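S.K.: Using the sequences plus the hints, can you model the full thing?
The numbering of the sequence shown is the working numbering, which starts it at 1 and goes up by one.
Don't take every hint at face value.
[Stated by the list, open to error] Computed spacing ranges between beta-carbons, pair by pair:
| no. | residue 1 | residue 2 | range |
| --- | --- | --- | --- |
| 1 | Val239 | Pro349 | 46 to 54 Å |
| 2 | Val493 | Asp215 | 53 to 61 Å |
| 3 | Arg289 | Asp215 | 18 to 26 Å |
| 4 | Glu164 | Arg240 | 26 to 34 Å |
| 5 | Leu3 | Val266 | 37 to 45 Å |
Please keep in mind that the hints were generated in silico from the structure rather than gathered at the bench. Model, not experiment: these values are computed from the prediction. Built from N, CA and C at the ideal position, the CB exists for glycine as well.
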Amino acid sequence: MTLDGLTEQWLRGVVAAGFVPGVRARARAALRDLLEEFVAAVRAEPFDAAPGARIGAELVDLRMSAPPVIGATVHLIAGRLPAVVGEDDETRRRILDLLDRLVTGFVAAQRDAAVRAAEEMNRSEKIHWRAVQLDLQRQLQQAVLHRPDTGLPNEQHLRRTLAEIDRGQRLGLLLISLDRYDELSDTLGPDNGARLLTAIARRLRPLGVLAHLADDQFAVLVTGTTGPDDLIKVADQAVRLLAGPVPIDGHDLHVTPVIGLVERPVAGSEPDRWLHDARLALRWARQDRLGPELFDPARAAEERRRHRLAAAMPAALDRGEFTLHYQPLVRLADGATIGVEALARWPRPGGRPLDPQQFIQVAERTGLIHRLGRTLLEQACRQGAEWRRAGHDLLVSVNLSPVQLSDPGLVAAVADILHRSGLPADRLQLEITETGEALPYRSVLAGLGGLGVRLALDDFGTGYSSLAVLTALPFTEAKLAAELLLGFHESGVLGLIIAACHEMGMTVTAEGIETAEQEQTLRALGCDHGQGYHLGRPAPAGKGRFCSGGDG
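M.R.: Rendered as structure tokens:
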């Protein structure tokens with residue numbers, strides 16, 4: 001949205017409100033000047049809301065003084081201007097402060113005009129103008145605190161209501177949105193979209209105190225709740241109220257509500273926190289698609305923790321904080337250590353060590369996994385080459401996130417790391433967990449295999465892993481999930497899996513070996529390699545079975 005586009009919308013709103021300019025171009029130019037003055041005031045440092053009053057007075061001077069003009073102005077600028085000048089909290093606060101002054105200036109100019117007119121009229125005319133002023137103020141209050149499309153209280157009104165509720169009771173807040181409303185609105189057109197929202201508002205009115213916050217987002221306040229179950233019942237009622245078809249322009253539309261819930265004591269919670277938490281629950285409901293979602297403080301805290309981790313990871317990568325521990329891979333036939341698995345660690349100086357799965361998941365969600373994966377792969381390859389120079393010809397096995405397979409430069413990056421580190425390709429093994437996610441990247445796996453790198457299917461026996469899928473992918477090793485060893489006394493199934501993998505030309509490594517009995521059973525079944533605390537715990541390169549200069 002540009003200032004010109006916003007000016008055109010403002011002019012249309014003013015015309016619709018009752019102002020018919022003599023020359024439209026002149027009116028448009030005047031509104032553009034006022035809008036530029038408003039934007040300049042928003043951006044001014046230090047900020048001063050006084051220009052808002054002057055702009056309101058100039059609207060009256062331009063004969064744009066019909067009561068609905070101020071409503072259209074407030075609604076348009078509050079709703080559309082943030083997209084032009086910035087949507088951060090400070091910018092929105094400045095816009096609202098300027099609008100408050102604009103309304104004050106508009107009313108003051110109206111009053112001054114009324115006073116001047118009253119001096120030229122008789123007493124009865126003065127009484128009439130006072131009534132007009134009162135009506136204007138009533139309409140202004142309606143415009144500032146209500147939505148013009150549905151007439152319902154808006155977010156500002158809802159915040160005031162929340163602030164005035166008795167602090168000694170419990171309260172529930174529902175936020176109700178419509179799934180795929182943007183698609184519906186684009187298909188229906190703006191007029192029919194507004195009719196749909198009006199119809200939705202009518203259906204939701206029986207639920208209680210109703211507000212219309214933005215576009216398809218409605219709020220319902222439920223006072224005097226005794227616990228979350230009361231609010232869940234209201235949410236179920238909302239689903240039933242919106243279940244039937246909505247007739248719009250000859251079509252029966254079906255809408256699916258998405259609902260976020262917050263229920264707790266009023267004391268100790270501010271209006272902004274209620275809305276923040278309800279919007280968070282609404283986002284969860286849209287993500288999980290399991291029905292109405294109740295705000296969960298523990299889940300919110302976990303999300304904040306993930307956000308903090310995501311924010312800290314780039315700098316931690318720059319500082320080289322991510323390291324590797326190495327766990328031995330043992331040949332079960334004779335107990336010889338034939339390799340190591342490189343396991344990611346983030347010691348976090350001054351902080352508590354993290355479960356690797358926690359920061360790996362954050363890295364996958366943020367895209368940092370590509371940089372982190374290459375950093376750790378290079379560490380592992382350099383360490384493997386150093387061991388090799390010290391006389392330890394070890395296989396170095398490194399985990400590869402399925403997300404990394406989407407990187408078109410992955411094969412070239414692995415080849416470059418092998419070249420610079422000096423580790424032979426056949427001494428590197430890449431472990432991939434989910435075959436379901438790996439299937440679309442057969443060409444990438446084939447490219448890695450073409451380098452001479454070994455490919456291992458990690459956690460085999462869980463998720464999407466299956467023998468049928470393995471035949472379509474160039475894996476050279478299957479690593480049995482530790483869960484399969486929990487019932488290792490029933491060795492028939494394990495024996496069949498191991499034999500089937502051997503038939504396909506793959507070696508088999510059993511993960512999670514914790515006891516000598518497990519090791520003995522797997523050896524008897526013909527399992528090639530083993531890994532687990534019984535055989536060796538993960539340790540830094542200089543403290544494990546192999547250190548930089550020789551045996552550790």
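S.K.: State for each hint whether it applies.
M.R.: Cross-check of the supplied hints:
no., hint, result
1, Val239 - Pro349: 46 to 54 Å, "50 Å, holds"
2, Val493 - Asp215: 53 to 61 Å, "55 Å, holds"
3, Arg289 - Asp215: 18 to 26 Å, "20 Å, holds"
4, Glu164 - Arg240: 26 to 34 Å, "30 Å, holds"
5, Leu3 - Val266: 37 to 45 Å, "42 Å, holds"
When held up to the earlier numbered hints, the structure conflicts with none and fits them all.
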